[in-house]
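Novice: Build the full structure now, drawing on both the sequences and the hints.
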Amino acid sequence: MTQPAPAPRAVNETTLKPAALRLLREIARRDAGDGVVFVSAPCGRWRLDGTTYVVADRTFHPLDAAGYVDVGNGRIDPVRITRTGSAYLAAMDGRAAA
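Quick note: the sequence shown uses the numbering used here, first residue 33, plus one each step.
Hints in this document: simulated from the structure, not taken from any laboratory.
Keep in mind that a hint or two might mislead.
What the hints assert, rightly or not - Distance windows between CB atoms, simulated:
| # | residue 1 | residue 2 | range |
| --- | --- | --- | --- |
| 1 | Gly126 | Val71 | 30 to 40 Å |
| 2 | Met124 | Ala64 | 13 to 23 Å |
| 3 | Arg115 | Pro74 | 28 to 38 Å |
Ideal Cβ positions, reconstructed from N, Cα and C, are used throughout, including at glycine.
Specialist: Shown next, in the form of structure tokens:
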């Protein structure tokens, strides 16, 4: 049985690990323009304020490096999704629908 070939990716498109993609989706889902707040949790982790969702600090790094989120100073500023991050998710959702 054959399967359709995946849609081609742009040469400079970042490939995210599942944990980073989930983090980006959580931020996008909850960011209404003011960003979302993460509070420090044990063992180098951050908890999305008001939820039980906990993520490792290193999961933010690829999102920040690709310009998908704005982490501010990384400790007290709310995390905001950028237009680039929203466009990336739209492209991923479009690819999944195809």
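Novice: Look at each hint and say if it fits the structure.
Specialist: For each hint, the structure was consulted:
The hinted window of 30 to 40 Å between Gly126 and Val71 holds, with their beta carbons roughly 34 Å apart. The given range of 13 to 23 Å is respected by Met124 and Ala64, whose C-beta atoms sit roughly 21 Å from each other. Distance hint check for Arg115 and Pro74: the Cβ-Cβ separation is about 34 Å, which falls inside the suggested range of 28 to 38 Å.
Hint compliance for this structure: no hint is broken.
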